[in-house]
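Chain A is already provided as a structure; the job is to place chain L on it using the hints.
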Amino acid sequence: MGRLSVNLCGIELDNPVIPASGTFGYGAEFAALYDINVLGTFSFKGTTLAPRYGNPTPRIAEAAGGMLNAVGLQNPGVDAVIAEELPKLRKVFHKPVMANVSGFSTEEYVKVCEKLDACPEIGWLEVNISCPNVHGGGMAFGTDPKAAAEVTKAVKAVTTKPVIMKLSPNVSDITAIARACADAGADALSLINTMLAMRIDLKTRKPVLANTTGGLSGPAVFPVALRMVYQCAKAVQIPIIGLGGVSSAEDVIEMMLAGATAVQIGAQNLTQPFICRDVIARLPAVMDAYGIENLKDIIGGAL
Amino acid sequence: MDQVVLTIKENAPIARDVYRMVLAGDVSAVTAPGQFINIALAGSFLRRPISVCDCTGDALTILYKVVGHGTAQMAQMAPGERLDVLTGLGNGFDLRAAHGRVLLVGGGIGAAPLYWLARELKMRGVDATAILGFNTREDIFYAPEFSALCARVILATADGSCGVKGFVTDAMDGVEYDYFYTCGPEPMLKAVYRASKSDGEFSFEERMGCGFGACMGCTCKTITGWKRICKDGPVLRKGEIAWAD
Chain A
153 MGRLSVNLCG IELDNPVIPA SGTFGYGAEF AALYDINVLG TFSFKGTTLA PRYGNPTPRI
213 AEAAGGMLNA VGLQNPGVDA VIAEELPKLR KVFHKPVMAN VSGFSTEEYV KVCEKLDACP
273 EIGWLEVNIS CPNVHGGGMA FGTDPKAAAE VTKAVKAVTT KPVIMKLSPN VSDITAIARA
333 CADAGADALS LINTMLAMRI DLKTRKPVLA NTTGGLSGPA VFPVALRMVY QCAKAVQIPI
393 IGLGGVSSAE DVIEMMLAGA TAVQIGAQNL TQPFICRDVI ARLPAVMDAY GIENLKDIIG
453 GAL
Chain L
579 MDQVVLTIKE NAPIARDVYR MVLAGDVSAV TAPGQFINIA LAGSFLRRPI SVCDCTGDAL
639 TILYKVVGHG TAQMAQMAPG ERLDVLTGLG NGFDLRAAHG RVLLVGGGIG AAPLYWLARE
699 LKMRGVDATA ILGFNTREDI FYAPEFSALC ARVILATADG SCGVKGFVTD AMDGVEYDYF
759 YTCGPEPMLK AVYRASKSDG EFSFEERMGC GFGACMGCTC KTITGWKRIC KDGPVLRKGE
819 IAWAD
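One line per chain: the protein sequences are A and L, in this order. Mapped onto the numbering used here, the consecutive letters of the first sequence carry residue numbers 153 to 455. Mapped onto the numbering used here, the consecutive letters of the second sequence carry residue numbers 579 to 823.
One chain only, chain A, in its complex shape:
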């Protein structure tokens, strides 16, 4: 175990850096750029029961310090992920991967988790109850403590793998959702998903995104994400994965001081494709600069 290692729900990570779901596909594009085994793990693209095309384009808009996306959970469906993506991934990635699961009903979350539970490549199930870009699903579960608890319980009943509930920032009190998930048996939480946002094109006087609204991510949301990680870390005893605008080794350490056991990097993968590799390489020097011997010692250091 090195200076960077952390333990996430009983599984040792070489380092706490995890590319966030939706920014890393199923690994293939990045495996062509660098050895993705340097990562702690990565969270694959949000996967639903049936294949989903997602929203019409434009799906992307720019913002100061970040971007909006309204992809709408495009994915090939869980059966194709198991039959095609995981065998490809096995050739290039030799660590447990984090499976991101999305759904439109409790039954759908359960069915997808049941199927993924049987896959030895998968270490954790990250259950996305926070997608702002689809109607009648996703975020509807993550903005109501009762619904969040119901999904948590239902999923926990069908898997032996650690269950991470991914929370939405689009709530007035995120600690109420965090507590509901923890009380329902969640093994960990990840937060935050994107913040509901929009842009208007001055020339057309219409929304830039075909979906009208989308999720804001990137450095602009980092302080909000950090605040929510801090609040949740005070509210629950289970591990937290911090994400939202993380783009440097310093941000990783700041998230961990706020209470994060591991840290995901999202939007930055899209504009700086080598960011996760580079952050991991830079962590020891930044730790030295701040007198940190082992990264796990600083988790919650600011609480």
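Quick caveat, the hints were computed from the structure, so don't treat them as lab data. Quick reminder that beta carbons are idealized off the backbone N, C-alpha and C, glycines included. The reader is advised that the hints may include incorrect statements.
[Claimed, not checked] Stretch by stretch, here's where chain L covers chain A in the computed footprint (C-beta under 8 angstroms, at least three residues):
no.: 1; segment: 332 to 341
no.: 2; segment: 382 to 388
[As the list claims (entries may be wrong)] With a Cα cut of at most 27 angstroms, we get these calculated DSS-like pairs of lysine-lysine:
no.: 3; chain 1: L; residue 1: Lys643; chain 2: A; residue 2: Lys355
no.: 4; chain 1: A; residue 1: Lys355; chain 2: A; residue 2: Lys305
no.: 5; chain 1: L; residue 1: Lys700; chain 2: L; residue 2: Lys816
no.: 6; chain 1: L; residue 1: Lys799; chain 2: A; residue 2: Lys358
no.: 7; chain 1: A; residue 1: Lys358; chain 2: L; residue 2: Lys643
Here is chain L on its own, set in the frame of chain A:
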């Protein structure tokens, strides 16, 4: 794909709101005409995807039109400045598909990637005709450059101030060809699709998050499935395109 630092060698206007920028450095990842690069700009989160107009051993040329704050910022840059660039993105045109008489159809700034294609076709001894469409005379660029490479160049302007009055499809009437390549705004591509009498290839544009296939921001539906414009495109074969008529 590569992430490289390229140095601006040249950056100057060549038509109304249109600039040519020459970038020097390691451009070895750029392998085919029709590919694009994705440029990081200080102060903007998203990169700017721009098609490659030409590429030689140690430099590439882009032509860009000032349409927003990113391209306006680029127009102010001086030789010697360095840019963080993702190179070698997208599939590019399929040169092996060219046969017989080849037609190139470019609309506005969409003519840019056809230039390198024309150069490659000339090297292969292919007989090519280029139709270049613009709104008005002041918008025209690269007409002599295309003339040096193509057997015939036909200009069209919407206002009739130069060449054929009308759209590129008006200029296509009466031209004989066995295969075509086209790039331009989507309404023009649709018109070319309907007017075309042979197989061919279309280069598309879309708002992109990454430019290398990771984010699913630019997916479109085709006859052969969902395709990412940035990774599986930007060039699609006519038979793949899911336009109704």
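Cross-check of the supplied hints:
1. 332 to 341: Since three or more residues must qualify, the claim that chain L covers the segment 332 to 341 of chain A is violated, with 0 doing so at under 8 angstroms.
2. 382 to 388: Contact hint for the segment 382 to 388 of chain A vs chain L: violated, 0 residues under 8 angstroms.
3. Lys643(L) x Lys355(A): Judged against 27 angstroms, a Cα distance of about 17 angstroms means the pair holds.
4. Lys355(A) x Lys305(A): Measuring from Cα to Cα gives roughly 48 angstroms; hence the hint is violated.
5. Lys700(L) x Lys816(L): Status holds; Cα separation ~23 angstroms.
6. Lys799(L) x Lys358(A): Given that 27 angstroms is the threshold and the Cα spacing comes to 23 angstroms, the pair holds.
7. Lys358(A) x Lys643(L): holds, 23 angstroms
Hints 1, 2 and 4 from the earlier list are contradicted by this structure; the remaining hints agree with it.
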